[in-house]
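Asks: Chain by chain, the residues run as shown.
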Amino acid sequence: MDAIADTTIAQAPGAASHATEDTPSLLAVVIETNPLFWVPLQQQTELKSVIESLIVAMNAHLAINNSNEVIVIAAHSGKAQFLFPDPNVLKNDTNPPKMDSHSPNSVSNKSTSPTPDVIDDKRQYLKNKNIYRQFKLMDESVFEKLEQLFNDTVADNSKFKSTVPGAISMALTFINRMRQVREGITMNSRILVASVGGDQTMSYIPTMNSIFAAQGMRIPIDVCKLGNDSTFLQQAADVTGGIYLLITNPNGLIQYLTTVFFIDPSIRNYVALPVNNNIDFRASCFITGNIVDIGYVCSVCLCVLSMIPSDKKCPTCESTFDPQALEKLARKPFVKRKVVANGNSETPNATPTPAGTPQPK
Amino acid sequence: MSSYLFKDTVNEYLENLPYSMKSKLFKSPATCLAIYRLLPNLAKFYIMSMVFHEKPVNSRIWDVWVKDSDQGKKLEVEGLRRMKSLNLITEKNNYLVLDEHFRESFRNALVGNDSHHAFGVPCATDENNKTSIDFLDEFATKKWESILHFMVGTELDELPSVGVLSLLKHSGLMEINGDITKRNLTSVNITKEGFSFLLQDVNAQIWTLLLEYLKIAETLNMDSVDVLNFIFMLGSLELGKDYSLEALSETQIKMLEDLRDYGLVYQRKASSKRFYPTRLATTLTSDSTTLRSVSSAMNKAIRSAKQDNEKDVKEEEAQVDFVSGTIIVETNFKLYCYATSPLQIAILNLFVHLKSRFSNLVTGQITRESIQRALKSGIASDQIIAYLEVNAHPQMKKLAQAALNKKIEFESVNGMKASHLSLRNLEIVPSNIVDQIKLWQLELDRIQAFGGYLFKDFKGEVEYKGLLNYAEEIGVLLYKDNANRKFFVTDEGRQQLIDYASRRTKRQKKS
Numbered sequence: 349m350d351a352i353a354d355t356t357i358a359q360a361p362g363a364a365s366h367a368t369e370d371t372p373s374l375l376a377v378v379i380e381t382n383p384l385f386w387v388p389l390q391q392q393t394e395l396k397s398v399i400e401s402l403i404v405a406m407n408a409h410l411a412i413n414n415s416n417e418v419i420v421i422a423a424h425s426g427k428a429q430f431l432f433p434d435p436n437v438l439k440n441d442t443n444p445p446k447m448d449s450h451s452p453n454s455v456s457n458k459s460t461s462p463t464p465d466v467i468d469d470k471r472q473y474l475k476n477k478n479i480y481r482q483f484k485l486m487d488e489s490v491f492e493k494l495e496q497l498f499n500d501t502v503a504d505n506s507k508f509k510s511t512v513p514g515a516i517s518m519a520l521t522f523i524n525r526m527r528q529v530r531e532g533i534t535m536n537s538r539i540l541v542a543s544v545g546g547d548q549t550m551s552y553i554p555t556m557n558s559i560f561a562a563q564g565m566r567i568p569i570d571v572c573k574l575g576n577d578s579t580f581l582q583q584a585a586d587v588t589g590g591i592y593l594l595i596t597n598p599n600g601l602i603q604y605l606t607t608v609f610f611i612d613p614s615i616r617n618y619v620a621l622p623v624n625n626n627i628d629f630r631a632s633c634f635i636t637g638n639i640v641d642i643g644y645v646c647s648v649c650l651c652v653l654s655m656i657p658s659d660k661k662c663p664t665c666e667s668t669f670d671p672q673a674l675e676k677l678a679r680k681p682f683v684k685r686k687v688v689a690n691g692n693s694e695t696p697n698a699t700p701t702p703a704g705t706p707q708p709k
Numbered sequence: 086m087s088s089y090l091f092k093d094t095v096n097e098y099l100e101n102l103p104y105s106m107k108s109k110l111f112k113s114p115a116t117c118l119a120i121y122r123l124l125p126n127l128a129k130f131y132i133m134s135m136v137f138h139e140k141p142v143n144s145r146i147w148d149v150w151v152k153d154s155d156q157g158k159k160l161e162v163e164g165l166r167r168m169k170s171l172n173l174i175t176e177k178n179n180y181l182v183l184d185e186h187f188r189e190s191f192r193n194a195l196v197g198n199d200s201h202h203a204f205g206v207p208c209a210t211d212e213n214n215k216t217s218i219d220f221l222d223e224f225a226t227k228k229w230e231s232i233l234h235f236m237v238g239t240e241l242d243e244l245p246s247v248g249v250l251s252l253l254k255h256s257g258l259m260e261i262n263g264d265i266t267k268r269n270l271t272s273v274n275i276t277k278e279g280f281s282f283l284l285q286d287v288n289a290q291i292w293t294l295l296l297e298y299l300k301i302a303e304t305l306n307m308d309s310v311d312v313l314n315f316i317f318m319l320g321s322l323e324l325g326k327d328y329s330l331e332a333l334s335e336t337q338i339k340m341l342e343d344l345r346d347y348g349l350v351y352q353r354k355a356s357s358k359r360f361y362p363t364r365l366a367t368t369l370t371s372d373s374t375t376l377r378s379v380s381s382a383m384n385k386a387i388r389s390a391k392q393d394n395e396k397d398v399k400e401e402e403a404q405v406d407f408v409s410g411t412i413i414v415e416t417n418f419k420l421y422c423y424a425t426s427p428l429q430i431a432i433l434n435l436f437v438h439l440k441s442r443f444s445n446l447v448t449g450q451i452t453r454e455s456i457q458r459a460l461k462s463g464i465a466s467d468q469i470i471a472y473l474e475v476n477a478h479p480q481m482k483k484l485a486q487a488a489l490n491k492k493i494e495f496e497s498v499n500g501m502k503a504s505h506l507s508l509r510n511l512e513i514v515p516s517n518i519v520d521q522i523k524l525w526q527l528e529l530d531r532i533q534a535f536g537g538y539l540f541k542d543f544k545g546e547v548e549y550k551g552l553l554n555y556a557e558e559i560g561v562l563l564y565k566d567n568a569n570r571k572f573f574v575t576d577e578g579r580q581q582l583i584d585y586a587s588r589r590t591k592r593q594k595k596s
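Protein sequence lines correspond, in order, to chains C and L. Going left to right, the first sequence walks through residues 349 to 709 as my numbering numbers them. Going left to right, the second sequence walks through residues 86 to 596 as my numbering numbers them.
Errors might be hidden in some of the hints.
[To be verified] Derived DMTMM-like pairs (lysine to aspartate or glutamate); straight-line CA-CA distance at most 25 Å:
1) K482/L - E496/L
2) K396/C - E189/L
3) K396/C - E139/L
Bear in mind the hints are in silico, worked out from the structure with no lab data behind them.
In isolation and in its complexed conformation, chain C is listed as follows:
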């Protein structure tokens, strides 16, 4: 029976190659917009030109297929926010009235008949410029929301915190909901992170959590990194099968975005992706921020430490460490049973000691 089936299938030439093409795909773009992170990059590029390139790339994504979709999330200072589609519209919320002019039926561009005043509003835009409506809806929404975001931002140095992991998990939840809501319609999804900031110790756990969630959902995370390398995002791309690329020349960003970051999940199996062979898998110490080879791990929240904190409490989850265990650990290089307790790992070159060999003091 198998043999027969094979021949019958083989008789339809091209059947396989066509079948892979019809699946629409969803691109979730996470843009780091925190102004503080952009300051060091001033010499190279500015947020505006990066956003412009990203918008063109998103238009290009929409151009692939009529049912392709884009969501845009800004990782801003202190919070992550949807730029497109408008979450208020998604919830079928009526407020705020200013907003719902943009994406009433762009979310799925079917269903929901727009109310007359919405049409009027959109006509204003359509009159301004002549552009494909799908692009238009997205572009306008992104720009307006961004402007609003920046107007609302108060200068505050305390918000020097990365919200990228938050934005990634927002994207993941959105994709998950799309999968629930639209039964029967399957979509390839991927996340593209445009990041400028460096690694932050506190975001290690949220980053890892979202990475593993993405891995479980089989969603690749592509990382377009400006500025300096990021260990966490490298790991994100590696674990989820995405692409990590450090852009050294941001002026040519659009070319990167339309080649390397344009590889749709449907052709990923056939295209040679750029591979990153030296990924730093090490975690960083939560107190000193140093990258740790061997260190202590909090048994509650799995936070990584290079030294025993002075207050005997985990700096992340604040759980008190067992004094007995600490005592044992404090008896430094002494090796007990098979456990190697090495407290000297602050030096990056520290090598693990083979079990059973006591280390000279």
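Starting from the known structure of chain C, arrange chain L on it as the hints suggest.
Replies: For chain L alone, kept in the frame of chain C given last:
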């Protein structure tokens, strides 16, 4: 499954256009976008990588991009062939150049820097009474269904318009005798092509008719570029909006009248200065997923029309519960279809032995006879399977999805690479049914024809053996008869074999 059929036919048509016409087409951003969407995925990637890259690209770079696998190479060759035959790229000394017109228009489309009104001119003023999307859906459904009903021979109150009738006749979908212009028909018969036409999805059907329309348009001295541009523009318009006739050419205004008959656009009056694209038009360049929503929207329109007549509230509720027109196929070849439309029942009757009909359900059995009857009338087994898949009940899709997920999970747990299992492994229709339908088709296709050349009258056993072995080695041999020293090779193999033979004789002469 079947959506690529329409892609292929449209592509074929575009590929065969002369270059002068294509370069005219490339000047419209909307057309460029539509052409781009029709390309295979890998070609889309190639084009996109060239749009913002001014310099010619070495063709070897693309080889590097594609992984060294059979499937990948096949896709690459296919992508390149398509782009070349569409004149999108030209090759000069191993360097590939993107067509300048295309690059410019496509870039304009992406960046939103366009002055051609390619995406339609919306009306500036409001119309007194707006036309709702529901109304447009109903209008489109009514028009389109009436054409299909006419084809399956349902009694209609009113015949389709002259334009539709002549189009059906010219396309060879129907045999219509009698005076078309006076609507005085003596006999109407559906052809083999007509049967397979009915099984296609709505989009493919519309494209079939539009391409026929293009052929007729050429004979009527209409500008094909204008016609095509207009069709592609319709695909990029927004549903429920009114567009002005201002930017349209004369040809395009003339087209509106015909398109109205197919239900693609709506105008309140023939003299109206505005038109509304319907769902049929706005999804022209979309693919199957949106199509499903088209058909469900269509079903909704039908249902709401029906509900007006039925006053029984309970029945209404019952009707909302199931999705109209969906099919359940069991592994025992029994088929159930929630169908109320005589059109769908008529289509099912083409390949199913229908047994009983209830108020909202028909049941039937897929039998060897019923399938072979359909195959003999010109329907391909693939079309039947595609029809069953596209119209499958959501519950069947859910089951198939769950089965696939289990499989992927199983393989990844066992450390196997699950990446080859993609959505195309989704078995919506039970696999034994699919195989059996294909087997029934094979029963009919017992004879396969090959074009080729017969070689005979060899000088001796040595020459015969030598040439035969060579033919076998290069894989062009189709048949051999050792006793009579004859063999048969394919068309492509002939020249290679002759070259080999002449080299052989030369060598022999020398020695």
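Asks: Hint by hint, say whether it matches the structure.
Replies: Okay, the hints, checked on the actual structure:
With a C-alpha separation of about 21 Å, the suggested pairing of K482/L with E496/L holds against the 25 Å cut-off. Between K396/C and E189/L the CA atoms are separated by roughly 23 Å; this keeps the pair inside 25 Å, and the hint holds. The straight-line distance between the Cα atoms of K396/C and E139/L is roughly 23 Å, inside the 25 Å bound, and the hint therefore holds.
In this structure, none of the earlier numbered hints is contradicted; all agree with it.
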